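J.: Given next are the chains, with one letter for each unit.
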Amino acid sequence: MIAAFRERLARTKGFALIIVLCFVVLLTVLVVAFFSRAATDREAAAESLDQTKADELARSALNIILGDMKQEMANGFIPPASLANVVPLRSGDSPDIPNLIRRSTRSDSIPLPGISSRASASSSSDPSLNGRFVTASRWNQHFLIPKADFTNEAPDPVATFIPPDWVIVSRNGPAERTAIGNGPNALSNRAPANPDFVIGRYAYAIYDEGGLLDMNVAGYPSPAPAPSPITTGRKGTIAFADLTALPTTASSFVTNTPINRIIGWRNYATVGPSGTFPIFTFTASAGNNFVSYFLDSTRSFLSVSPTIAGAGAASRTDQAFVTRSELIKLRSSINSGAASMLQFLGTFSRERNRPTWSNSASLLAGRWPLGRFDLFSGTLPPSVADAALIKTYFGLVYVPEAPPVAEHWIYTGASSTTRQPDVAEIGTGPNQDPEFFPLLKYVMPTASDSELLSIGASLVDQSDSSMDTTWIEFGDPALPAQKAFGVDSVPPPDPTDPRPASAPVMLKRPFRNVGELGYAYRNAATTLDFQTSGSADAPLLDLFTYDTAPLRAGIVSLNTRSVPVLTAILQGAMVSENASSVVGQSDPASDKSRTARNAAAKMISDGVSGTMAHPISGREGVAQMAAAAANAFGFSGEALKVTSRALAETGQTRTWGLFIDVIAQSGRYAPSSTDLSQFVVGGEKRYWLHVAIDRFTGEVIDQELEAVYE
Amino acid sequence: MKPPPKSGFTLLEVLMAVALLGIIILIVTRVFNSAIAISSSGSKRLDADMHARALLNRMSIDFAKMVRRSDLDVFLKEPSVPQSGNDQIAFFCALPGYYPSAGAPSPLSLVSYRINPDHQMERMGKGLDWNGASQVNSPLVFLPVKISQLWLAAITQDADDDYELAGLQAFRFEYYYLLQSGVSSITPWDSAAGHTSVAGLQDVTAVCVLIATIDPKSRVLLSDTQLDTLSDTMSDATDGQAPGALAKQWQDVLDGVINMPRPAISSVRIYERYLYVVDK
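Chain order of the listed sequences is A and B. The first sequence begins at 1 in the numbering used here and counts up one residue at a time. The second sequence begins at 1 in the numbering used here and counts up one residue at a time.
This is chain A alone, in the form it adopts within the complex (with noise of 0.2 Å):
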């Protein structure tokens, strides 16, 4: 009994073991499990650490390149001290992608004033170790590049397009490197004090997206009854662009179905568009619509209309691009048009409304609103507050009819009552905003008093509803006045007076854009002249502005060199305003615009080669524009200006509106890496920024950041 006691004994005495081992295990279970779920979360919140990592390089890497920007301009001088300086300098870019300013490039030999880009010799497209890398294509995901395949959807750019090369960040910043090195100072060598221990690295390309049509304002509605090719001749914003002048593939072009599409769903509650989108039809009453609101000098387009379609739930506004990934969405939404039109298109752009050009140490606040010749198309004598304002703006005072002398203008200037003997001299320094005359005598400082106000009195006759010649007259109160005409189709009741030139084109009506200055003679048989290179005439085309804003939008660089973004713009204006022609009328059906792109091809080569002042540092430079296309347009002087009346009102040169395109990762380089294309991706984060820079000023003057996630 005792053995059998003992036997059993025996066979019980693991049990404590087997007890304390299920101990064991539970708490090995248990402790696994933890460190387990702690190491997932571990790995979720480095995923999300290398996530913010990337995006806090990504925003730096933008204020990196937006300060290499300014740098290039403040080397340059600010305002420019040379033409060339006045647009950024190009590298790393290819003739076949105009669009394309810059990108990251190894070896980057841009010359002063420019910065290089730090980049080294490791491409974006080369796959990383962890096997990341970015295609081509993904770099053209915004279709800024032209397309390789006019017949697809898929953004592969063109062939020459070289994806930008990697701007290395270590611990010190950004720097071009070489190789990876060994020792304490390797890229790899995680130590505390390897100032040269890589943290991550971008590439980046810039595009000129100031060049392109703001699809916030371009294009408009057609064919007839909306607008009138009357209304959109005569230009004066990129609204009357005719889109249907770009280029889908070698040999078709935009049709008009896409445009409307876009502008029944852009100007919804303005227009009034029929029908649901995308498919929208426009009744004259929507023509008429669309011109009053795109013409509405006091626009910005910087914001939406305030217009309310419907009401309640069912209250609709105007819209406008608040991505350009909204633009290339909508494009591909509306089931017409193709991707490779939106390589002419942009959605944002800025400029002041401020002129470049000044010939003294006298700077204006502003450029001169043409609306305020609007004053003399009334009846005369004009009313009391008429009057005030005519004073106030052009210094002159009404003087009645009083047989045998006819109804005239004195000049007596704003703060005076009796008459000038000569033409006041704007005041110095900035901020200036002067009489009508003077600023004239600013701009034309050799001519005569005498044809300074000539121009004024023609330029009253040109908008002016009476056919009769105004004639202003000036000069010392204690001797005979003097006469100065304007031209009109109605000769001074004097015979004595001069005879104006004979079947002047005079257009009865407000000015549309600041071109059509050139319609006014500075004697009896010379108008101003817009059209050769160097005029001194062509500065008014600065110094005035139908748009009245101070910082708007809608407006084209005219140093763009996109050929078929001036050919748009070109294509339409009216050549001759008698005989209601316009660009492009003569042109085969099968290629409408060949007279506009020939003559844009033209301005455009011409600047790249040399052959004329180019880039343009101003809207003066339209004439040199103009003189490029030379007799494209035809043969008269109303002809020669055309390039003038389309260009100088909806182009500027004041602005670098860029386009930059950049793509962070975080990372580092493992100990095993020997190639510089041997990084490790931690994570990746990718913006597009819209930024519009004053060139004159050095001012950013607004900037959209448009987050882009793949």
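Source of the hints: derived by calculation from the structure; they are not laboratory data. All values reported here derive from a predicted model rather than from experimental measurement. Where is the CB? At the ideal position from N, CA and C, for every residue including glycine. Take the hints with a grain of salt, since some may be wrong.
To give a feel for the contact side, a few chain A residues facing chain B, derived at Cβ under 10 Å [as the list claims (entries may be wrong)]:
#, residue
1, W265
2, G310
3, E326
4, G378
5, L380
6, P381
7, E704
Chain A is already provided as a structure; the job is to place chain B on it using the hints.
T.: Quick look at chain B alone, frame taken from chain A:
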């Protein structure tokens, strides 16, 4: 004949063995319980961290894609909308949302965040149609049309099918603004710069978001009323608060709570993150 020696245990030996076994079991049990408690607490913490990270990451993306224009409405805390207690925010976002089954989806949406009556954080991502596509499904609208006119649920507790639970554990939501001048404020513009309106958040660099979370197991220890009370005692943001100051205030409040189950209170986590809005 001498009887064989007895080989059993004395009473003392048995008692000692039982006592020793009891002590060992007690120790092991306590160790085990402690391990479970630590593991459970750690798990809760990880859970809370994970949920908060997911929520804040979601918000971070939304805020980065916020459409900032002076001609677009945004519903947020400002002097005329002080938002006592839990906050609410609604804005247009350049991200897709939940679209109507039949429509013409644009790449934009209306995003709204709120704490619902069940003390959970909800996110609405209402996909917007292209303009002119429908009289029923709204597109993006610009001022003067306001969010409240077309999407009342975005600024109230009204029901909307496009709301989804974004933070199951979040029961308190507060935010304030980091202005470009470096000042924290509950007014989304810089009065010192002479500005008087939101104007596309032109003066705002980041929205500082605070959320308080409680895990489901601890949550059941509190009644709805207690959770309301707890939420109410966590104060609103004020002007000029230093980073982390409001979170500390909240933690101090939690540390001082004595009339609610301690395990529940101690499992409340507070998270603060600066959500940078895209530079304008």
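J.: For every hint, state whether the structure bears it out.
T.: Quick rundown of the hints versus the structure:
1. W265: Because about 5 Å separates W265/A from the closest Cβ in chain B, which is inside the 10 Å limit, the hint holds.
2. G310: 7 Å, holds
3. E326: At 6 Å from the nearest chain B Cβ, E326/A passes the 10 Å test, so the hint holds.
4. G378: Nearest chain B Cβ about 34 Å off; hint violated.
5. L380: Nearest chain B Cβ about 41 Å off; hint violated.
6. P381: 41 Å, violated
7. E704: Holds, because the Cβ-Cβ distance from E704/A to chain B comes to roughly 7 Å (cut-off 10 Å).
Checked against the numbered hints above, the structure breaks hints 4, 5 and 6 and satisfies the rest.
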